[in-house]
Amino acid sequence: LDVRFLKFYKIRFTEVKCTLTFFEAENYDSARIELKNALQIDATFGEAYFYLGRVYDAQKRWPEAFRAFQQAVNQSPDHIAANVQLGRYSILAGDLPAARARAEHAVELSQEKIGELGATWVDSSGPETADTAQVDAEKALELDPANETATAVLAGIL
1 LDVRFLKFYK
11 IRFTEVKCTL
21 TFFEAENYDS
31 ARIELKNALQ
41 IDATFGEAYF
51 YLGRVYDAQK
61 RWPEAFRAFQ
71 QAVNQSPDHI
81 AANVQLGRYS
91 ILAGDLPAAR
101 ARAEHAVELS
111 QEKIGELGAT
121 WVDSSGPETA
131 DTAQVDAEKA
141 LELDPANETA
151 TAVLAGIL
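Using the working numbering, read the sequence shown as starting at 1 and increasing by one per residue.
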């Protein structure tokens, strides 16, 4: 969880811990309530929108998840994970140019932080490397459609 969640918005630690506890325990309704309460305090709180998107995504409420991730990026354009999630949704919607734009933006934001998300594949040096990355990413997404690493790799090479 981003330190800004605590530092800049002065949400009590117990509320934050409660939200994460609910999310990790898959008690998504309670996590959603806590996040909506945080957004009532500050409607410009991008991190809360991001976690709300994760809650909706876990509940398979995809239109709401997409809107929450979009709101997270609207409030915090440099939020890497929210950009990756929007890229993932763009891939699922078949909008590959939007997915590529999100992946490129995420790469620009922090090459170091997204190394695990496939930055080496994004700038791959040859078609064989890209083909291998695409096959691997597609297989990973078949096993786990929520795999952020595979989504970022696929978005970066398409």
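Hints are computed from structural coordinates only; laboratory data are not their basis. For clarity, every value in this text was computed on a predicted model and none was experimentally measured. Virtual Cβ for every residue (Gly too), placed ideally from N, Cα, C. Any given hint could turn out to be false.
[What the hints assert, rightly or not] Cβ pair distances, simulated, as ranges: (1) 135 with 29: 26 to 32 Å; (2) 27 with 145: 37 to 43 Å; (3) 108 with 24: 28 to 34 Å; (4) 146 with 98: 33 to 39 Å; (5) 78 with 138: 35 to 41 Å; (6) 96 with 61: 31 to 37 Å; (7) 41 with 95: 30 to 36 Å; (8) 40 with 92: 28 to 34 Å; (9) 33 with 60: 31 to 37 Å; (10) 58 with 138: 39 to 45 Å.
Checked hints:
1. 135 with 29: 26 to 32 Å: 38 Å, violated
2. 27 with 145: 37 to 43 Å: 22 Å, violated
3. 108 with 24: 28 to 34 Å: 31 Å, holds
4. 146 with 98: 33 to 39 Å: 19 Å, violated
5. 78 with 138: 35 to 41 Å: For residue 78 and residue 138 the Cβ distance comes to about 29 Å; the hint is violated.
6. 96 with 61: 31 to 37 Å: 24 Å, violated
7. 41 with 95: 30 to 36 Å: 34 Å, holds
8. 40 with 92: 28 to 34 Å: 30 Å, holds
9. 33 with 60: 31 to 37 Å: Violated, since residue 33 and residue 60 (Cβ atoms, about 18 Å apart) do not stay within the stated range.
10. 58 with 138: 39 to 45 Å: 23 Å, violated
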